[in-house]
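> Residue strings, one per chain:
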Amino acid sequence: MKEGLHILVIDDELQIRRFLKISLSTRGFIVHESATAEEALFVLPTLRPDLIILDLGLPDIDGLDFIKQLREWSTVPVIILTVKDSEQDKISLLEAGADDYLTKPFSIGELQARIKVALRHAIGNKEESVFISDDLKIDYAKRLVFIGENEIKLTPTEYSLLVMLSKNAGKVITQNQLMKELWGPNMIEETQYLRIYILQLRKKIEKEPSNPKKILTEPGVGYRLV
Amino acid sequence: MKKLLQKNELFLVAISSSPNSQYIIKWAKKISYNFKTDWIAVYVERKIKLSEKEEVSLKKNLDLARRLGAELIITHDDDIVSGILRIAFQKNVSLIVIGKTFHKNFFEKLTGSGIIDRLIKESADININVVSEPCLKLKQFDFLKLKTKSSIKSSYKEYILSILIISLITALNLFLSQLTGYWTIALIYLLIVTICAFFLSMGPIVLAASLSAVLWNLLFIPPKFTFYIDKVEDLFMFIMYFIIALITGSLTSKLHIKEMALRIREKRISDLYEISAAMGNYTEIDEIINNSIKLIEKFLNAKTVFYLVDENGSLNDYPHKFSNFQINDKDHNGILWSFNNNKESGKFTNTLPSLKGYYNPLTSISEIYGVIGFYFNDLKSLNLEYENFIKAIVKMIAIAIERFYLINKMQNIKLSVESERIYKIILNSISHELRTPLTTISNAVSGLSDRKMFKDKEIRNILLADIKESAERMNRVVGNLLNMARLESGKLKLNLEWNDINDIVNVVQERLKERLVKYNLIKEISSDIPLLYADFGLIEQVLTNILFNTIQHNKEGIKILLKIYKEENAVYFFIIDNGAGIPENCLDRIFDKFYRVSRYKTGGVGLGLSICKSIIELHGGKIFAQNNEDKGLSVNFYLPLKDMNFKEDL
Chain A
39 MKEGLHILVI
49 DDELQIRRFL
59 KISLSTRGFI
69 VHESATAEEA
79 LFVLPTLRPD
89 LIILDLGLPD
99 IDGLDFIKQL
109 REWSTVPVII
119 LTVKDSEQDK
129 ISLLEAGADD
139 YLTKPFSIGE
149 LQARIKVALR
159 HAIGNKEESV
169 FISDDLKIDY
179 AKRLVFIGEN
189 EIKLTPTEYS
199 LLVMLSKNAG
209 KVITQNQLMK
219 ELWGPNMIEE
229 TQYLRIYILQ
239 LRKKIEKEPS
249 NPKKILTEPG
259 VGYRLV
Chain B
2 MKKLLQKNEL
12 FLVAISSSPN
22 SQYIIKWAKK
32 ISYNFKTDWI
42 AVYVERKIKL
52 SEKEEVSLKK
62 NLDLARRLGA
72 ELIITHDDDI
82 VSGILRIAFQ
92 KNVSLIVIGK
102 TFHKNFFEKL
112 TGSGIIDRLI
122 KESADININV
132 VSEPCLKLKQ
142 FDFLKLKTKS
152 SIKSSYKEYI
162 LSILIISLIT
172 ALNLFLSQLT
182 GYWTIALIYL
192 LIVTICAFFL
202 SMGPIVLAAS
212 LSAVLWNLLF
222 IPPKFTFYID
232 KVEDLFMFIM
242 YFIIALITGS
252 LTSKLHIKEM
262 ALRIREKRIS
272 DLYEISAAMG
282 NYTEIDEIIN
292 NSIKLIEKFL
302 NAKTVFYLVD
312 ENGSLNDYPH
322 KFSNFQINDK
332 DHNGILWSFN
342 NNKESGKFTN
352 TLPSLKGYYN
362 PLTSISEIYG
372 VIGFYFNDLK
382 SLNLEYENFI
392 KAIVKMIAIA
402 IERFYLINKM
412 QNIKLSVESE
422 RIYKIILNSI
432 SHELRTPLTT
442 ISNAVSGLSD
452 RKMFKDKEIR
462 NILLADIKES
472 AERMNRVVGN
482 LLNMARLESG
492 KLKLNLEWND
502 INDIVNVVQE
512 RLKERLVKYN
522 LIKEISSDIP
532 LLYADFGLIE
542 QVLTNILFNT
552 IQHNKEGIKI
562 LLKIYKEENA
572 VYFFIIDNGA
582 GIPENCLDRI
592 FDKFYRVSRY
602 KTGGVGLGLS
612 ICKSIIELHG
622 GKIFAQNNED
632 KGLSVNFYLP
642 LKDMNFKEDL
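Chains A and B, in that order, are what the protein sequence lines are. Position one of the first sequence corresponds to residue 39 (our numbering), numbered consecutively onward. Position one of the second sequence corresponds to residue 2 (our numbering), numbered consecutively onward.
Each hint should be verified, as a subset may be incorrect.
Taking lysine to aspartate or glutamate pairs in the EDC-like style, the calculated list, with each CA pair at most 16 angstroms apart, reads [as the list claims (entries may be wrong)]:
#1 Lys-494/B - Glu-125/A
#2 Lys-524/B - Glu-246/A
#3 Lys-494/B - Asp-127/A
#4 Lys-396/B - Glu-275/B
#5 Lys-251/A - Glu-511/B
#6 Lys-344/B - Glu-368/B
#7 Lys-252/A - Glu-511/B
#8 Lys-241/A - Asp-529/B
#9 Lys-122/A - Glu-473/B
#10 Lys-643/B - Glu-125/A
#11 Lys-594/B - Glu-618/B
#12 Lys-92/B - Glu-159/B
#13 Lys-242/A - Asp-173/A
#14 Lys-142/A - Glu-473/B
Hint data in this document are derived by calculation from the structure and do not stem from the laboratory.
Please take these sequences and the hints and turn them into a complete structure.
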């Protein structure tokens, strides 16, 4: 899965491009670079990478506009590089079509994990009837959830929430997206519902609800199912 | 030989309307300058009205005295000497300066009781300096002219009244004459004349006295109905009566005048006191202006306009918004003139007297703060005493305005001193706190560039760890500075949301994972805590900073207890360690910006806890620290809980 995959890095900082090129090539990716969004948009149709790493704060085009433009004709997975405290940016980018994000400074291990997840979701689009992660098993067809051998009883809302998280397993999903999906666009502001349901879900499927290992919180942004 | 004046002594100059006074005033200024003392210029206003020429001359004299720096006092007294001495004793002056030809009028020359002689006699231990003036003279006062003048000035009404009263009493007496003798009648007349003296002025009193004497003679002294007086004793009685009536009348009248003057003086003083007390309370310019206008309406029965200076010191083109008196272009010229020449203008003055308003510059010491204009609702003329009263009020307003500007200046200076200080601290901090890790990184990198060192695995790992740690440290410092800047600028918008406290704690734990490994972190989070309505990132920052601080200040292996529980309407957070604690006297200051207990090696800028404080307070909570009874420090804070309102049933 790692051989021959093309990644396009869009970043105006020479050092970051160089670093990414070196570290990702060592892991078998073929890395292309662009210093500006315009250049990237020009090159994209011919290059057709398998993944894009986009840094925010590009001088020419705003990251959000870039994603919007890209999503008009391409479904290529995009991971954005952000700085801390830019929650609002992250949310809007994720909802515009970015797949995941990484906060600078990051470790190469983190980046690799995110790339893996993003690629998996891009490739494996066929419907799976069962989801398995660690000791969590979801049987979509039968609408049953198991932790190890034990069946877990979930309310309809809890189940929908878990299913949404699992369909995007490994990727971050924003709370707005979750709210919209589960309660409709009018309830987006009432995040307390989401919190309570996550709490209840954690109580049911986590070994230590106060120290969750399956459903992770992405502060200010949303949640991620491991 | 004792000097004429010692330092800090006060002296007094007596001023009259004569142009000679100008010379005396200048002389007084010389004395004041040479002996470096303050001086008072006194004018004793008598009931006798002055001619136009005299008024103008007097005004000139007073203006001169004021301009040369005298404290001007105008007092009412029919007796000049008593007026001068009263002020002299009141103000505790050591010297009185008076011109030789002061008020040497015909009458005084005659009786030899010159003012100066009396002054010398009655001045106790005050020195008298009699100054010879060059011979400039106004026409000498004429005693007779004095009398006629005053009679003309008395109103006609009073004369008619006095005639009426005497007539009435005469009728009464005619009736009584059947019961008593004519001497009793005389006493009745006398009584009436004395009573009249309380409300009639000099002229009508004289008329009443004379009229009563004549009528007494005519109607009551035998032979009745003739002017002829039979008995000699009756003649003497008649003459005595006449004199007594005159004296009693005029004395009572004088008393009455003195009393009126006293009352006016008292009222002025109490008015000024009230105004001064009121002005003392206001420090904001709008307050000052607003209340001045109200006071002026009350005490002067006038409308006011204020033109103040702007930051550059030039006069604003438009009046202060609270002004209640509209200015036309002509009057504006008066205002500009007053501002530029630092003198009064407009109605009642020598400059542009046809204007609607009376304008005074607002000056205090040497600064001019604007111009104040009065529009009197009903004032026909401005006598000296009233003018002085107005000027005293204007002075008080100017002083209040000055106080406002000075306070402002002082605050600005304080602010810029404080900014300077913080700026310096920040520069030093940044410089040091970022340079140090940078140096470490540089060194580590040059170490790694060396082949021998690079080959040694242990050394290599150490250097790499150094670089990693230094980079983290720099990241932290930058983060803290940014946070501080955001919080200070007031531009930080809270991203308030419902949050699970466990989430926040877990994120913090994850972030500090590597460091916490060497410490014993115990969590006691009660399970009944509802969702917290707060900014996730900021609360995360608070917990991170506190825990990080605890780690920094204590050696490895200590226990850190994180206890969170709900009580009433708030969630309480306790971070309790069993480490070294903090000296008691430093406890309050650990939340100050840039405060560090000791310069420990891996230290930060000293902003961590102050950022926590700002964030907590932004959320409506409070943070504090205390040393534990047994060992270690406890940092505690609470955050208020908000009621969750659900739109529909779950």
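> Below or equal to 16 angstroms on CA atoms is what counts here, so check Lys-142/A against Glu-473/B.
Given that 16 angstroms is the threshold and the Cα spacing comes to 11 angstroms, the pair holds.
> Sort out whether Glu-159/B lies within 16 angstroms of Lys-92/B, counting only the CA atoms.
Roughly 39 angstroms between the alpha carbons, so the hint for Lys-92/B and Glu-159/B is violated.
> Checking one constraint from the list: CA of Lys-252/A to CA of Glu-511/B, max 16 angstroms. Satisfied?
At roughly 14 angstroms apart (the allowed maximum being 16 angstroms), Glu-511/B and Lys-252/A satisfy the hint.
> Holds or violated: Lys-494/B with Asp-127/A, Cα cutoff 16 angstroms?
Status holds; Cα separation ~15 angstroms.
> Check whether the Cα positions of Lys-524/B and Glu-246/A lie no farther apart than 16 angstroms.
holds (13 angstroms)
> Has the given pair, Lys-251/A with Glu-511/B, been kept, meaning a C-alpha gap of at most 16 angstroms?
holds (11 angstroms)
> Can you confirm whether the C-alpha distance between Lys-122/A and Glu-473/B stays at or below 16 angstroms?
Given that 16 angstroms is the threshold and the Cα spacing comes to 14 angstroms, the pair holds.
> Sort out whether Asp-173/A lies within 16 angstroms of Lys-242/A, counting only the CA atoms.
holds (13 angstroms)
> Given the hint that Lys-494/B pairs with Glu-125/A, test it: the Cα-Cα distance must not exceed 16 angstroms.
holds (12 angstroms)
> Under the criterion that the straight-line Cα-Cα distance not exceed 16 angstroms, is the pair Lys-643/B, Glu-125/A satisfied?
violated (23 angstroms)
> Between the alpha carbons of Lys-241/A and Asp-529/B, is the straight-line distance 16 angstroms or under?
holds (13 angstroms)
> Would you mind confirming whether the straight-line C-alpha gap from Lys-344/B to Glu-368/B stays at or under 16 angstroms?
holds (13 angstroms)
The structure is inconsistent with the numbered hints 10 and 12, although it conforms to all the rest.
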